[in-house]
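Start counting the sequence shown at 1; every next residue gets the next number (this note's numbering).
I should point out that these hints are in silico values taken from the structure, not numbers from a laboratory.
One should not assume that every hint holds.
[To be verified] Quick list of in silico lysine to any residue cross-link-like pairs, SDA-like style, CA-CA up to 25 Å: (1) K236 x L509; (2) K235 x F276; (3) K629 x I567; (4) K383 x R656; (5) K610 x L384.
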Amino acid sequence: KMSSGAADLRQRKKQNCTESDKMAPEERNKENSKLGRSPKYMLIQRFAKLFFGCLAAVTSGAMYAVYLSTYHEQKFWFSSRQELEREITFQGDSAIYYSFYKELLKAPSFERGVYELTHNNKTVSLKTINAVQQMTLYPELIASVLYQASGSEEVIEPVYFYIGIVFGLQGIYVTALFVTSWVMSGTWLAGMLTVAWFIINRTDTTRIDYSIPSRENWALPYFACQVAALTGYLKKNLNCSAEKFCYLLVSASTYTFMMMWEYSHYLLFVQAVSLFVVDHFALAQTEKVHEVYKIYLFSLFLGYLLQFENSALLVSPLLSFVAALMLSKCLQMNMKTGTFMSRLVKIMYVYLVLTITVTLNFLLKVFVPHKENEHLLKFIEVKLGLNSTKNFTMNWLLCQESLQAPSQDFFLRLTQSSLLPFYILVLIICFFSVTQVIVRRICGEPLKETVKLEDGRIGERPEIVYHVIHTILLGCLAMCLEGMKYLWTPYVCMLAAFGVCSPELWMTLFKWLRLKAVHPILLALILSMAVPTIIGFSLWKEFFPRIMTELSELQEFYDPDTVELMIWIKQQAPVAAVFAGSPQLMGVIKLCTGWMVSSLPLYNDDDLLKRNENIYQIYSKRSAEDIYKILTSYKANFLVIEDSICNEVGPVRGCRVKDLLDIANGHVVCEEGDSYAYSKYGRFCHEIKMNYSPYVNYFTRVYWNRSYFVYRINTVISFQS
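Work the whole structure out from these sequences, hints included.
In structure tokens form, the structure reads like this:
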């Protein structure tokens with residue numbers, strides 16, 4: 001029966017676009033004539049609504065970008081800082097990304113700059129890397145081209161141009177969320193509420209405060225645009241021109257998103273699973289869903305070619321899953337209806353898709369040479385409790401806040417802003433409505449061609465079904481890993497705002513309650529305006545003063561010890577010197593001085609992960625000779641020890657770097673339930689400061705301040721006491 005419903009959907013899709021476009025005005029004219037309104041009046045009204053809605057969306061995005069720029073200036077005093085002090089604000093992997101942007105601008109030509117990045121041997125010692133592929137530097141390539149092509153050299157400094165693009169993209173992000181909520185609810189009041197919740201919960205919706213150049217800050221705005229376009233594309237009774245526009249926008253944004261972030265295909269896989277559920281229960285036009293599948297395939301193969309034959313895309317679960325869906329559907333359509341095999345395939349369709357996906361992914365990994373991150377699979381095993389390990393890298397990742405379960409403070413913040421209660425209310429109503437529709441479809445009841453307000457069936461709208469499933473899947477991921485909240489919370493804002501502003505949602509609730517005392521349609525219309533207005537005023541009263549205080553408050557960010565270290569390196573260290581130390585500090589040294597380093601704060605390469613683990617041994621209980629051998633194996637000339645790591649007093653015992661190293665090296669002894677670190681050698685970072693043999697034989701202190709101790713690694717070892 002469900003297959004006949006799907007056939008009905010396909011049949012409706014096959015209608016000529018021009019015919020549907022001609023029929024729509026006639027139906028609207030009849031409806032308007034009943035209401036006593038002229039077509040001209042309705043056209044002006046629709047145009048005004050569209051104009052002011054677009055104006056509100058663009059204004060919201062622009063104001064958010066200005067807000068981020070102002071907050072960044074107040075936080076770092078950016079305009080009053082010297083270039084070196086500005087660059088120090090980029091920490092960890094952010095420093096590496098921005099350093100390559102600087103190198104591109106310094107290159108004699110763009111072509112030469114790209115060549116040097118793809119054959120880079122001046123960043124990590126003893127290692128030539130394709131930095132564009134390995135670090136996904138396409139945002140930096142685009143930014144450098146725009147900076148030089150627009151003639152901005154004489155108008156704006158490179159760092160302002162760079163962060164300005166990122167802040168502009170965040171404005172587009174907010175605009176896309178605004179449009180998505182507007183398209184779903186039919187009122188741009190929902191978009192305004194979405195933006196308000198997004199900004200108020202900025203701590204949980206974006207990482208822009210902590211890491212401006214991070215890949216997700218470049219990529220997620222394009223994903224938000226893709227979701228907005230997909231929402232419009234899935235709508236019923238869409239006119240031909242609007243459908244083509246949405247299709248083109250989905251195509252362009254999907255490919256751009258995939259080029260901007262190396263992990264984008266995992267997020268698209270979650271989206272593909274959501275669309276599969278929608279299609280499986282025949283809740284959307286099958287042809288539309290399959291067109292999106294084709295966009296995935298096209299983007300994957302185009303990305304594979306333009307990302308230097310990136311094999312990670314070929315072995316991605318997205319490719320295997322979409323290919324399995326296409327094969328299963330082809331197999332189903334080519335069988336004669338009514339036969340035993342065709343019925344069996346329909347019943348076992350989900351099992352068939354899953355089996356083909358797993359098999360295909362396994363075969364691709366066997367036959368396609370790839371360097372998939374094995375540490376990610378090991379991490380998942382340990383995270384799920386399927387395995388245990390003493391490995392330093394695994395335990396260090398498990399200790400990262402972003403890879404732990406979300407804290408109670410996260411839910412408390414969402415509740416205080418009223419976001420979480422309304423999201424749960426909207427999700428429950430939509431989920432049960434979708435469940436009702438699925439039960440009807442299983443029983444063979446066809447979907448209505450047009451769902452009216454009085455029907456109270458919000459779950460029959462395909463775009464609503466998609467968003468409900470998508471937000472549930474993202475929510476499950478966010479409950480496991482706190483870092484995933486930055487993917488989930490923006491859509492929580494959007495879905496909650498859509499729900500409280502949608503008369504259909506309230507009408508669906510009233511249908512269940514069988515409300516008769518008051519006219520349900522009138523009450524639904526009133527609540528869809530009154531509830532968001534009350535929420536908006538309460539948010540304005542409580543949070544607007546806080547935001548204004550935040551923007552007017554000057555914050556102090558100054559790190560004189562790091563500034564002094566960078567100045568010393570630029571003035572005293574040889575140009576060919578190689579520095580060793582923590583990966584986070586090495587990223588800053590590379591950016592601020594340009595000197596070569598022995599490791600980088602990147603976690604997508606097994607060799608770099610092994611380097612990081614080996615060089616972190618300077619904070620372990622190992623001998624001077626062992627540390628010397630490790631450092632010289634990477635041709636390091638200088639060693640930088642950070643007092644903050646050596647004397648770290650972490651909030652969680654066992655998650656400090658030195659604790660993890662002791663566990664990995666077997667220097668932990670357990671007695672009567674307590675753990676003690678034991679080794680015949682003292683902790684290297686402490687012992688080397690004592691300036692006694694054998695440490696002075698291998699290392700010579702050349703610079704120190706309150707936070708850093710720099711040692712030259714001796715090429716000629718003296719064993720004089």
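Results for each hint:
no.	hint	in the structure
1	K236 x L509	holds (22 Å)
2	K235 x F276	holds (16 Å)
3	K629 x I567	violated (28 Å)
4	K383 x R656	holds (18 Å)
5	K610 x L384	holds (23 Å)
Checked against the numbered hints above, the structure breaks only hint 3 and satisfies the rest.
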